[in-house]
Amino acid sequence: MLDIAVAYNRYKFLGNEFLTWLWFMIETDQSLFRQHDPDFLSLTVGNRLVLENTRNNAKETVTIKGDNASLEEGLVALTKGAAVTEIHLSYKTGSQKWEFSLKGESLNISNLKLPETGPIETPDDLEGVVLEKVYLIEKVIGFINNLFSHFIHLRLSNTWQNQTIPRIRKWATSN
Amino acid sequence: MGLLSSRNSITRYQVTGQLDGSVHETVYQGLKQHAIPKIEDDGSEATAGWTSLETPYAPDFEGYSFVFGTYMVFALRIDKKSIPPKLIKKHYALNVAKRLADTGRHYLSGNEKQSIKDHVVNTLIHRIPATPNVYDLVWDYDAASLWFFSNLKAANETLETLFVKSFNLQLIRLFPYTTADRMAGLSNQERDVLGKLEKSRSKE
Numbered sequence: 001m002l003d004i005a006v007a008y009n010r011y012k013f014l015g016n017e018f019l020t021w022l023w024f025m026i027e028t029d030q031s032l033f034r035q036h037d038p039d040f041l042s043l044t045v046g047n048r049l050v051l052e053n054t055r056n057n058a059k060e061t062v063t064i065k066g067d068n069a070s071l072e073e074g075l076v077a078l079t080k081g082a083a084v085t086e087i088h089l090s091y092k093t094g095s096q097k098w099e100f101s102l103k104g105e106s107l108n109i110s111n112l113k114l115p116e117t118g119p120i121e122t123p124d125d126l127e128g129v130v131l132e133k134v135y136l137i138e139k140v141i142g143f144i145n146n147l148f149s150h151f152i153h154l155r156l157s158n159t160w161q162n163q164t165i166p167r168i169r170k171w172a173t174s175n
Numbered sequence: 001m002g003l004l005s006s007r008n009s010i011t012r013y014q015v016t017g018q019l020d021g022s023v024h025e026t027v028y029q030g031l032k033q034h035a036i037p038k039i040e041d042d043g044s045e046a047t048a049g050w051t052s053l054e055t056p057y058a059p060d061f062e063g064y065s066f067v068f069g070t071y072m073v074f075a076l077r078i079d080k081k082s083i084p085p086k087l088i089k090k091h092y093a094l095n096v097a098k099r100l101a102d103t104g105r106h107y108l109s110g111n112e113k114q115s116i117k118d119h120v121v122n123t124l125i126h127r128i129p130a131t132p133n134v135y136d137l138v139w140d141y142d143a144a145s146l147w148f149f150s151n152l153k154a155a156n157e158t159l160e161t162l163f164v165k166s167f168n169l170q171l172i173r174l175f176p177y178t179t180a181d182r183m184a185g186l187s188n189q190e191r192d193v194l195g196k197l198e199k200s201r202s203k204e
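So the sequence lines, in the order shown, correspond to chains A and B.
So the first sequence is residues 1 to 175, counted in the working numbering.
So the second sequence is residues 1 to 204, counted in the working numbering.
Among the hints, erroneous ones may be present.
Unchecked claim - For lysine-lysine, the following DSS-like pairs were computed, each having C-alpha atoms within a straight-line distance of at most 27 Å: (1) B:K199 <-> A:K12; (2) A:K103 <-> B:K153; (3) A:K12 <-> B:K32; (4) B:K113 <-> A:K65; (5) A:K80 <-> A:K113; (6) B:K80 <-> B:K98; (7) B:K199 <-> B:K153; (8) B:K113 <-> B:K153; (9) B:K98 <-> A:K113; (10) A:K80 <-> B:K90; (11) A:K139 <-> A:K97; (12) A:K170 <-> B:K117; (13) A:K59 <-> B:K153; (14) A:K103 <-> B:K32; (15) B:K113 <-> A:K103; (16) A:K59 <-> B:K98; (17) B:K113 <-> A:K139; (18) A:K80 <-> B:K196; (19) B:K117 <-> B:K90; (20) B:K113 <-> A:K12; (21) B:K90 <-> A:K59; (22) B:K199 <-> B:K32.
Said to hold, decoys possible - Every beta carbon over 12 Å from chain B, so not counted as near; a handful from chain A, in silico: (23) A7; (24) N9; (25) N16; (26) M25; (27) I26; (28) D37; (29) D39; (30) V45; (31) A83; (32) K103; (33) N145; (34) I152; (35) T164.
Calculated from the structure, these hints are not laboratory results.
Being a predicted model, the structure only gives us computed values, none of them experimental.
Using N, Cα and C, we set each Cβ at its ideal position, and we do this for glycine too.
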């Protein structure tokens with residue numbers, strides 16, 4: 001086991017590649033998501049996408065913000081070798097909707113908005129609301145964990161370099 | 001920021017190790033022993049301790065009130081005093097002027113200036129109330145999983161330290177490497193590949 005701080009910095013790229021792959025899958029093949037969640041309805045890029053390109057010790061950052069913003073600039077950045085470092089997502093199952101941001105380097109979740117839960121009107125309501133919130137958080141974290149797990153097996157196989165990278169490159173250049 | 005807020009930030013952890021004896025009783029004892037003090041310690045810049053989800057300003061863990069179904073839900077409270085730099089500057093200037101006037105000198109030595117500054121900070125810290133910050137956490141003991149409702153580095157570091165001290169269990173933060181290594185069910189061969197993995201070359 002590597003030292004935690006060393007491992008964090010050494011493998012930041014892995015989280016960024018996960019988010020890049022996730023964006024690609026969102027745009028090209030959502031059937032995978034259904035395999036990991038039978039209730040799955042949709043996963044879309046929300047109102048923020050950040051890409052970073054570190055070449056020749058220089059860092060270029062492209063930030064796309066706003067509802068329904070065009071992501072073309074992000075695709076151009078991808079073709080130049082950038083990776084997604086932060087993505088805001090909207091995840092829907094049945095009538096429920098989650099919104100959240102994921103950071104590549106830490107896989108931290110931020111700005112998580114859960115589907116509506118019942119109000120706390122009396123002290124007796126607290127336990128029910130807590131358990132409902134925990135269930136809803138577990139649902140989205142479980143979904144992300146499953147996708148990351150799928151990604152990491154793919155990433156550690158030869159398929160990644162031989163098939164996935166060319167497919168991502170083709171998608172980025174053809175849009 | 002907390003579990004019941006309309007927006008959440010979450011840092012995920014794996015909990016390693018096992019508690020001896022009854023889980024709820026051991027956690028209760030740890031929470032009680034390391035609860036945030038009810039009476040503010042006027043002299044310290046920051047105080048951290050456990051508190052309850054429902055009453056964060058009056059910690060209460062009686063009756064295992066931190067148990068919600070199969071989860072344990074409580075909070076880390078960090079009370080911090082921060083003195084505005086301009087306030088230090090003002091009181092420092094007043095104290096320096098007074099010292100010069102009292103001694104009839106035109107200059108103060110470096111040591112004297114530092115001593116005045118320390119005195120000013122020390123005096124102000126006793127007069128300024130601490131600002132409390134409460135960060136909830138959800139601990140699923142059976143799944144060895146913990147969610148901490150903050151992404152702030154300092155809050156996470158305080159959590160990691162206090163958790164070990166209170167329960168004698170380690171928290172492993174789940175970021176890309178640790179998630180891959182500990183949560184994805186990798187084979188030995190995959191783990192070897194992970195150990196040597198480099199950034200993809202997506203552009204030729």
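Here's how the hints hold up against the structure:
| no. | hint | result |
| --- | --- | --- |
| 1 | B:K199 <-> A:K12 | holds, 9 Å |
| 2 | A:K103 <-> B:K153 | holds, 14 Å |
| 3 | A:K12 <-> B:K32 | violated, 38 Å |
| 4 | B:K113 <-> A:K65 | violated, 49 Å |
| 5 | A:K80 <-> A:K113 | violated, 33 Å |
| 6 | B:K80 <-> B:K98 | violated, 30 Å |
| 7 | B:K199 <-> B:K153 | holds, 25 Å |
| 8 | B:K113 <-> B:K153 | violated, 33 Å |
| 9 | B:K98 <-> A:K113 | violated, 55 Å |
| 10 | A:K80 <-> B:K90 | violated, 52 Å |
| 11 | A:K139 <-> A:K97 | holds, 11 Å |
| 12 | A:K170 <-> B:K117 | violated, 63 Å |
| 13 | A:K59 <-> B:K153 | holds, 23 Å |
| 14 | A:K103 <-> B:K32 | violated, 35 Å |
| 15 | B:K113 <-> A:K103 | violated, 45 Å |
| 16 | A:K59 <-> B:K98 | violated, 51 Å |
| 17 | B:K113 <-> A:K139 | violated, 58 Å |
| 18 | A:K80 <-> B:K196 | holds, 25 Å |
| 19 | B:K117 <-> B:K90 | holds, 11 Å |
| 20 | B:K113 <-> A:K12 | violated, 45 Å |
| 21 | B:K90 <-> A:K59 | violated, 41 Å |
| 22 | B:K199 <-> B:K32 | violated, 46 Å |
| 23 | A7 | violated, 4 Å |
| 24 | N9 | violated, 10 Å |
| 25 | N16 | violated, 9 Å |
| 26 | M25 | holds, 15 Å |
| 27 | I26 | holds, 17 Å |
| 28 | D37 | holds, 17 Å |
| 29 | D39 | holds, 21 Å |
| 30 | V45 | holds, 19 Å |
| 31 | A83 | violated, 8 Å |
| 32 | K103 | violated, 8 Å |
| 33 | N145 | violated, 6 Å |
| 34 | I152 | violated, 5 Å |
| 35 | T164 | violated, 9 Å |
Of the numbered hints listed earlier, those contradicted by the structure are 3, 4, 5, 6, 8, 9, 10, 12, 14, 15, 16, 17, 20, 21, 22, 23, 24, 25, 31, 32, 33, 34, 35.
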